[in-house]
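Please build the complete structure, drawing on both the sequences and the hints.
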Amino acid sequence: MKFKTFIWFVGPSLFLMVLFIAAPLASVFLGSFRITQPVVQQIEVETCSAGFLAQTCTTELQTVPLIDEETGDIVTTTEWVGFLSYDRVLEPARAWAAITALDYNALMQIDFWSALRFTLMFTLVTLPLVIGVGLAIALAVNSAARSLRGPIIFISLLPFIITPVIGSLSIYWLFVGDGILTRGIEAWLDRDIAMFAQGWTIELLMLFYRVWHVAPFAFVIFYAGLQTVNQDTLESAIIDGASRFDRLRYVVIPHLMPLIIFIALIHLMDAYRVFDEIVGFRAEAHVTSLQYLTFDFLRPDDAGNRAFSRASASSMLTMLGIVVLLIPLLRRTWRDHKGSSH
Amino acid sequence: MSDTPRAMRQPMGLKIGTAAFLAFWCLLAAFPIVWITLMSFKSPVDAFAANPFDVILGPVTRDRGNGLSALDLALGLTVLFFTIRQAFTWLPRKVSAWSPAGQVWAGWIIGVMAYAVGFIFVFFLVLPAILGVLNPILGPLGTPLIGLTTEHYQTIWVERGFYNNFINSLIVTGGTVTISLTVGTLAGYGLARSGSNIAFWLLIMALVFRALPHSVLLAGYLPVFVNSAEILRPWLGENAPTLYGQPLAVIAVLVSINQPFTIWMLRSFFQNIPNELDEAARVDGCTHFQAFRWVIMPVMWPGVITTGLFSFLLAYNDYLITALLLDGSNQTMVPAIAGFFNRETTTTDQVVAVAAAVSIIAPLFVLVMVFQRQIVSGLTAGAVKG
Numbered sequence: 001m002k003f004k005t006f007i008w009f010v011g012p013s014l015f016l017m018v019l020f021i022a023a024p025l026a027s028v029f030l031g032s033f034r035i036t037q038p039v040v041q042q043i044e045v046e047t048c049s050a051g052f053l054a055q056t057c058t059t060e061l062q063t064v065p066l067i068d069e070e071t072g073d074i075v076t077t078t079e080w081v082g083f084l085s086y087d088r089v090l091e092p093a094r095a096w097a098a099i100t101a102l103d104y105n106a107l108m109q110i111d112f113w114s115a116l117r118f119t120l121m122f123t124l125v126t127l128p129l130v131i132g133v134g135l136a137i138a139l140a141v142n143s144a145a146r147s148l149r150g151p152i153i154f155i156s157l158l159p160f161i162i163t164p165v166i167g168s169l170s171i172y173w174l175f176v177g178d179g180i181l182t183r184g185i186e187a188w189l190d191r192d193i194a195m196f197a198q199g200w201t202i203e204l205l206m207l208f209y210r211v212w213h214v215a216p217f218a219f220v221i222f223y224a225g226l227q228t229v230n231q232d233t234l235e236s237a238i239i240d241g242a243s244r245f246d247r248l249r250y251v252v253i254p255h256l257m258p259l260i261i262f263i264a265l266i267h268l269m270d271a272y273r274v275f276d277e278i279v280g281f282r283a284e285a286h287v288t289s290l291q292y293l294t295f296d297f298l299r300p301d302d303a304g305n306r307a308f309s310r311a312s313a314s315s316m317l318t319m320l321g322i323v324v325l326l327i328p329l330l331r332r333t334w335r336d337h338k339g340s341s342h
Numbered sequence: 001m002s003d004t005p006r007a008m009r010q011p012m013g014l015k016i017g018t019a020a021f022l023a024f025w026c027l028l029a030a031f032p033i034v035w036i037t038l039m040s041f042k043s044p045v046d047a048f049a050a051n052p053f054d055v056i057l058g059p060v061t062r063d064r065g066n067g068l069s070a071l072d073l074a075l076g077l078t079v080l081f082f083t084i085r086q087a088f089t090w091l092p093r094k095v096s097a098w099s100p101a102g103q104v105w106a107g108w109i110i111g112v113m114a115y116a117v118g119f120i121f122v123f124f125l126v127l128p129a130i131l132g133v134l135n136p137i138l139g140p141l142g143t144p145l146i147g148l149t150t151e152h153y154q155t156i157w158v159e160r161g162f163y164n165n166f167i168n169s170l171i172v173t174g175g176t177v178t179i180s181l182t183v184g185t186l187a188g189y190g191l192a193r194s195g196s197n198i199a200f201w202l203l204i205m206a207l208v209f210r211a212l213p214h215s216v217l218l219a220g221y222l223p224v225f226v227n228s229a230e231i232l233r234p235w236l237g238e239n240a241p242t243l244y245g246q247p248l249a250v251i252a253v254l255v256s257i258n259q260p261f262t263i264w265m266l267r268s269f270f271q272n273i274p275n276e277l278d279e280a281a282r283v284d285g286c287t288h289f290q291a292f293r294w295v296i297m298p299v300m301w302p303g304v305i306t307t308g309l310f311s312f313l314l315a316y317n318d319y320l321i322t323a324l325l326l327d328g329s330n331q332t333m334v335p336a337i338a339g340f341f342n343r344e345t346t347t348t349d350q351v352v353a354v355a356a357a358v359s360i361i362a363p364l365f366v367l368v369m370v371f372q373r374q375i376v377s378g379l380t381a382g383a384v385k386g
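Residue numbers (the working numbering), protein chains in the order written: chain A, 1 to 342; chain B, 1 to 386.
If you're looking for bench data, these hints aren't it; they were derived computationally from the structure. Since this is a predicted model, take the numbers as computed values, not measurements. There's no promise every hint is true.
Said to hold, decoys possible - Beta-carbon label-pair distances, calculated as ranges:
(1) A:Glu186 - B:Ala70: 50 to 58 Å
(2) B:Trp108 - A:Arg34: 47 to 55 Å
(3) B:Ile167 - A:Ile327: 43 to 51 Å
(4) B:Leu236 - A:Thr77: 20 to 28 Å
(5) B:Val45 - A:Ile327: 53 to 61 Å
(6) A:Phe15 - B:Trp108: 31 to 39 Å
(7) A:Gln227 - B:Gly13: 19 to 27 Å
(8) A:Val229 - B:Ala280: 17 to 25 Å
Unchecked claim - Here are some chain A residues pointing at chain B (derived, C-beta under 8 Å):
(9) Val28
(10) Gln291
(11) Leu320
(12) Val324
From the three backbone atoms N, C-alpha and C, an ideal C-beta is built for every residue, glycine too.
Here you go:
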């Protein structure tokens, strides 16, 4: 294909990606080094209270934003502040003090570090679980009777297609205060349980939810891969006396390896952006993730201002994290690509 | 199963273990969804009852006069069963028989709409009327057995104006899927048929973009979108729009965010179509674009449908982007439900929010039912070789 034709085909998609992904990325990068804030001025205001015979008047200095007389908008200035926003998000001094004092709780008091801890824990714990559960379901369905496979696949797909916020809400409703499962556990253990009163139970539910939500996707991919396992290899393995487990380990798993890498890659990207669960489980008071941190900065506060520069800084840090996590997998993809092309 | 070699057959213990595991998984997968669906049809006392049987049977709801008798259940289930069966046998035959050649898709749209209207008419108007006459006559068969009320659905859809959010969701989702696929198929085809280094690096770039947390991008959009009227004024004059809160702007954002995944997926589908096909078309005098439009696209539908389903899921299910880029007046369903749920405190309001959540799942349910084969075979063809 000629280069010109290629550009005609790819152009629209490329244009959209540059305009809505690359350009915002660049502006976030710049924005993280700048702070825009309203210009303020101090004016003397005299307030007088109504009084008989004599009014009591007080004069005080008030800080008010400067307003442009022509447009009526608040005048703002944008300053280049270097790493100030990063400093405010990371709070290195406080974090270092906590680390040197070996005070874990103090470190977790800083929003960023506690969000980082949860995000990493969430990503790394769910990854093997999703692959394991997905593979187990795929193997089980593959050995089930043909007539049962359709309905089982249908039921299995439900957790995957369900809206994440709604899915986590549906599990939340089972466990919240007087939810049916909480009552069940309470009756069984004969003690009061409040699943949403402390951080770790919420984290447990979020982990459960994510595995429940993504394992079906892994299952469908693995199930598709299992259909293409070479039957001749399997049969020769049987003749050589390989046990069921040996066949799984030396024939099936190596065959599925590219798919396992694929799932790992996709899951790593998605789990690292954990967000919907926090909304669904209303966990923000106890646990937050890196993406939630940025979302929180971007929401207008009581005065209607959004903390853009801090949001930019925290999102750049979030991005740095995903790049670090992806490096091993990207290197492997790169090696495979080079290996396959030679 | 008799043709399976003996060595491949499973021992009894393993069979039982597998079956138990699958049964457990199916229970786990379906339970939360089934349970909130049950809750949404009960009055609050039943929905949050301590005894699971109260939630299933709904005695309080029944005593308030909202219930289904054995006859209701039998007739309702029969109608449902035949509706679903006819949808898969009778409807496709009629659609292909009645629609003009080359416009089967239009036939499907009209056919499905007519079928849905017919079902609603029969199930919600004709059936209750007949049962209203029959139930009092039949005595024990006609007395309510299970409590069931649709009042929460009426509250949410009619009184709270949830249909506005539904329409917004339709606009955003429809727009995203259409544009995403149009732009994506072009790019996917270009990338699949070009062996150049640029194509490879574009794909790697797309992979990195796929990994970006969406909040990173949102931090970039928001200032621009909020101030867009001022930024665009030099070019567009006084009519410059504020992009913040515009469904169109959200569609553009969702399409772009979705592009990396779309082009990766469509590219692997196009790679499965032999190159000789478009070469033959080119020999016959087609340009690249004509070959793409008239020769390749007709055999690409399975791939397009699978990719479209994923675009649909992304746009329909999105919370983060729609919550931040749309204002209250044109919110889509997901942020609206999250909003309902955060605001409301009484148990009635909670059940109303549950009803809203169940309504949002219903279309997804139908989607999987219709396209299940496509999802599985599509992923087999696409992702496995990707």
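Okay, the hints, checked on the actual structure:
1. A:Glu186 - B:Ala70: 50 to 58 Å: violated, 35 Å
2. B:Trp108 - A:Arg34: 47 to 55 Å: holds, 53 Å
3. B:Ile167 - A:Ile327: 43 to 51 Å: Because 44 Å falls inside the window, the suggested range holds.
4. B:Leu236 - A:Thr77: 20 to 28 Å: holds, 26 Å
5. B:Val45 - A:Ile327: 53 to 61 Å: holds, 55 Å
6. A:Phe15 - B:Trp108: 31 to 39 Å: Given about 32 Å between the Cβ atoms, the range holds.
7. A:Gln227 - B:Gly13: 19 to 27 Å: Holds, at about 26 Å.
8. A:Val229 - B:Ala280: 17 to 25 Å: violated, 34 Å
9. Val28: holds, 4 Å
10. Gln291: At about 5 Å, which falls below the 8 Å cut-off, the nearest Cβ of chain B leaves the hint on Gln291 of chain A intact, so it holds.
11. Leu320: violated, 10 Å
12. Val324: violated, 11 Å
In summary, the structure is inconsistent with hints 1, 8, 11, 12 from the numbered list given earlier, while agreeing with the others.
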